[in-house]
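J.: Next come the chains, spelled out residue by residue.
Protein chains: 2
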Amino acid sequence: MEKPLNIAIAGLGTIGGGTLKIIRENASLLKERSGREIRLVAVLDRDRKKLERLKLEGVAFVESPKVLAAMPEVDVIVELMGGAEGAAKELVESALKAGKHVVTANKALIAHHGVALAKLAEKSGKVLAYEAAVAGGIPIIKSLREGLAANHFSKIAGILNGTCNFILTSMKQEHKDFGEALKEAQQRGFAEADPSFDIDGVDTAHKLAILTSLAYGVQPDIDAVYVEGIRNITIPDIEFADQLGFIIKLLGISQRVESKILQRVHPCMVGKDTALGRVSGAYNGIIVEGSSVGRITFEGRGAGEGPTASAVVADIMDIARGAYYRPFTIAAEHLKKAQFSDMDSLRTSYYLRLSVADKPGVLAAITGVFSKEGISVDSFLQHPPKSGETAQVVITTHETVELHMRHAIKSIAALDSVTEPPHMIRMENL
Amino acid sequence: MEKPLNIAIAGLGTIGGGTLKIIRENASLLKERSGREIRLVAVLDRDRKKLERLKLEGVAFVESPKVLAAMPEVDVIVELMGGAEGAAKELVESALKAGKHVVTANKALIAHHGVALAKLAEKSGKVLAYEAAVAGGIPIIKSLREGLAANHFSKIAGILNGTCNFILTSMKQEHKDFGEALKEAQQRGFAEADPSFDIDGVDTAHKLAILTSLAYGVQPDIDAVYVEGIRNITIPDIEFADQLGFIIKLLGISQRVESKILQRVHPCMVGKDTALGRVSGAYNGIIVEGSSVGRITFEGRGAGEGPTASAVVADIMDIARGAYYRPFTIAAEHLKKAQFSDMDSLRTSYYLRLSVADKPGVLAAITGVFSKEGISVDSFLQHPPKSGETAQVVITTHETVELHMRHAIKSIAALDSVTEPPHMIRMENL
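Just so you know, the sequences run in chain order A and B. Heads up: the first sequence begins at 1 in this note's numbering, then just goes up one per residue. Heads up: the second sequence begins at 1 in this note's numbering, then just goes up one per residue.
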């Protein structure tokens with residue numbers, strides 16, 4: 001039996017606590033499977049009282065990232081503080097420079113500074129592992145990097161944010177409006193006090209940029225992700241979707257479009273009975289299209305203490321086994337700067353809900369706009385006004401180009417008889 | 001850049017051809033991702049003409065496993081001949097003894113001789129990899145061994161045989177009886193000329209024994225798998241299942257029952273809208289329950305050239321990267337002989353279809369049997385006779401013990417008014 005693998009955990013929050021729990025409760029299992037004892041020798045946290053609360057006798061308490069990174073007895077730094085800059089970045093950089101392995105759950109750090117950090121890791125021949133950064137307990141990073149590595153990838157589509165999926169599921173199942181569903185998510189610990197990172201799609205964009213990098217061998221580029229969140233999703237849209245056989249999900253989609261890559265995060269209508277349509281509550285789901293393997297689907301809990309810590313500890317066990325791999329599969333210096341395709345060139349189908357005055361000529365005006373833009377209508381539903389004089393018109397289109405659709409929406413919104421800004425949701429055939 | 005990794009492929013059938021195709025077509029991708037060129041230096045096959053047909057100039061053609069295993073220039077033997085004994089076993093044994101890495105898609109070999117082969121591999125510090133042996137392109141072996149390794153596992157349930165799933169799907173969707181659906185599967189290349197290995201559940205049992213071993217750290221034991229195939233599934237059962245909200249799938253299930261393990265392969269009724277209920281056609285699906293990660297679901301093509309070769313090449317790329325792991329995660333000598341739970345102790349719900357004479361007292365007799373065995377009935381459907389005097393009675397039970405159910409079925413079958421052997425299908429709440 002080899003000597004123990006000494007780890008330090010920086011950040012004793014939810015994930016840090018979960019990691020500690022697994023390392024303690026499953027100690028003999030981890031040793032049996034990885035071949036080495038995994039031993040916690042140091043922690044970094046703002047709150048020294050956690051040493052006692054978590055019964056960490058004999059474990060060094062450190063407050064400075066630089067000091068932690070330099071501790072000679074530490075083999076692996078487990079960074080669970082979060083944030084793309086500041087202490088987390090300082091710690092990971094200094095640890096890699098000091099020749100330590102690093103395990104992190106920090107998607108913002110990897111999405112923004114992954115390439116520079118990967119170069120440091122490759123220079124010292126150490127591992128920079130981040131399975132926990134994307135889709136919680138689902139081993140998607142390992143699958144792209146290793147299990148599916150024989151494939152050229154053409155598309156990745158996923159429900160990557162459990163908070164949004166929880167909110168959309170509760171809007172659908174309990175007929176809550178967005179505000180109520182968000183409040184419930186916050187009360188149940190599925191959403192932060194400041195939820196914008198999740199509900200505006202930023203978190204999904206970070207994760208998507210990482211998956212794009214792994215899948216296509218390019219530098220992660222969060223700025224090249226088109227992002228739209230779920231704030232504007234309404235109960236009527238959810239109900240019309242249901243009538244049409246669809247369900248609304250926030251998806252992150254990364255696809256090859258000829259020699260370019262299109263990255264987008266936005267609400268999508270997907271078939272109710274499809275693999276992603278079925279992913280409910282705080283679960284995540286990911287579809288990967290590979291040249292030889294075809295379509296592979298993964299589903300599991302995307303966040304929370306247990307699933308995320310499961311991924312963190314798996315990364316630690318890989319290191320204990322002596323596994324070595326480059327952070328983005330291919331050498332960091334070979335990661336190309338991708339050519340990104342413009343959102344205007346997207347080809348897909350669209351759902352449009354319009355509030356219109358209930359008078360003659362309205363439909364002719366709307367269909368005239370579609371005709372002018374060369375957009376072919378797939379279905380047309382008119383619901384008579386419930387009260388007042390506004391009728392609801394729901395239109396779905398055949399596949400068309402986003403640019404044309406954008407022009408059509410602009411023209412339709414300008415019609416006198418259209419009384420509210422149109423609600424548009426893209427439809428995804430997955 | 002390191003020197004090329006020299007491989008030899010034994011068996012140039014469907015999977016061998018697919019492997020060759022990926023290695024050729026994706027050569028630069030594989031090199032970029034794994035860090036080394038993967039070079040085919042020798043093949044073993046019965047048919048020397050394949051050298052020319054597959055344009056294998058400069059590749060050595062070998063007919064003897066022993067000779068191939070001894071070739072000094074070969075780093076990795078890729079065994080794609082199949083069969084638990086004979087040439088495949090001889091090749092893998094001699095290759096491991098000669099200090100070569102081995103990649104195989106041979107589930108029968110691993111299920112029957114995996115422990116002995118793992119000991120050879122561990123002795124020489126080489127890799128024995130078999131991702132392609134279970135669930136085609138789905139990286140389930142790697143996920144259990146690495147990605148989910150921080151978890152104690154409590155249950156694995158899967159659709160592991162694409163042939164059976166294709167047949168059951170076509171019986172359901174096209175109302176074909178078993179014989180017609182089997183014939184179609186054979187015509188479309190989804191079933192062998194002798195289909196018994198697939199349709200009698202033997203193939204699923206092999207795969208399940210391997211998953212059990214990896215999940216619980218025990219020796220694979222194919223003889224300890226309860227096995228029932230799909231030959232007796234009828235259209236009426238498929239239709240009644242549908243009415244009840246279920247669908248019939250051949251599942252392999254391995255679960256912890258206290259300190260024991262229960263392994264079983266049999267047709268199951270699962271909810272139509274569940275993760276496994278949705279897996280159709282030649283696809284495979286697997287659910288894994290882990291202590292920290294919770295439930296993870298995988299879905300993908302379970303067989304065929306592309307998906308299986310994708311798994312074979314991923315294993316080769318791991319070796320090219322310098323990955324080392326023990327074949328069953330824990331050291332082969334530490335694999336325990338499991339205590340297996342008896343099928344009679346299974347607790348689940350049951351579906352029973354009876355053909356009964358349409359006369360008074362029949363139902364009282366049947367319900368009397370259930371009552372005597374302490375089995376609680378959940379639903380009861382009686383369909384009047386379509387022709388003649390036989391009515392169909394469909395009963396589902398609450399959860400009960402298999403032994404009691406077995407006694408009940410025996411007593412019911414013996415009733416005068418029951419005109420055909422009862423059709424029993426277990427129901428699985430997944």
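Incorrect hints may have been included.
[Unchecked claim] Only part of the chain B face toward chain A is listed, based on derived beta-carbon distances under 7 Å:
#, residue
1, 150
2, 234
3, 297
4, 301
The set of hints was computed from the structure by calculation and includes no laboratory data. Here the structure is a predicted model, which means the values were calculated and not measured. From the three backbone atoms N, C-alpha and C, an ideal C-beta is built for every residue, glycine too.
J.: With reference to the structure, classify each hint as holding or not holding.
T.: Hint check results:
| no. | hint | verdict |
| --- | --- | --- |
| 1 | 150 | holds (4 Å) |
| 2 | 234 | violated (25 Å) |
| 3 | 297 | holds (4 Å) |
| 4 | 301 | holds (5 Å) |
Consistency note: the structure conflicts with earlier hint 2 alone.
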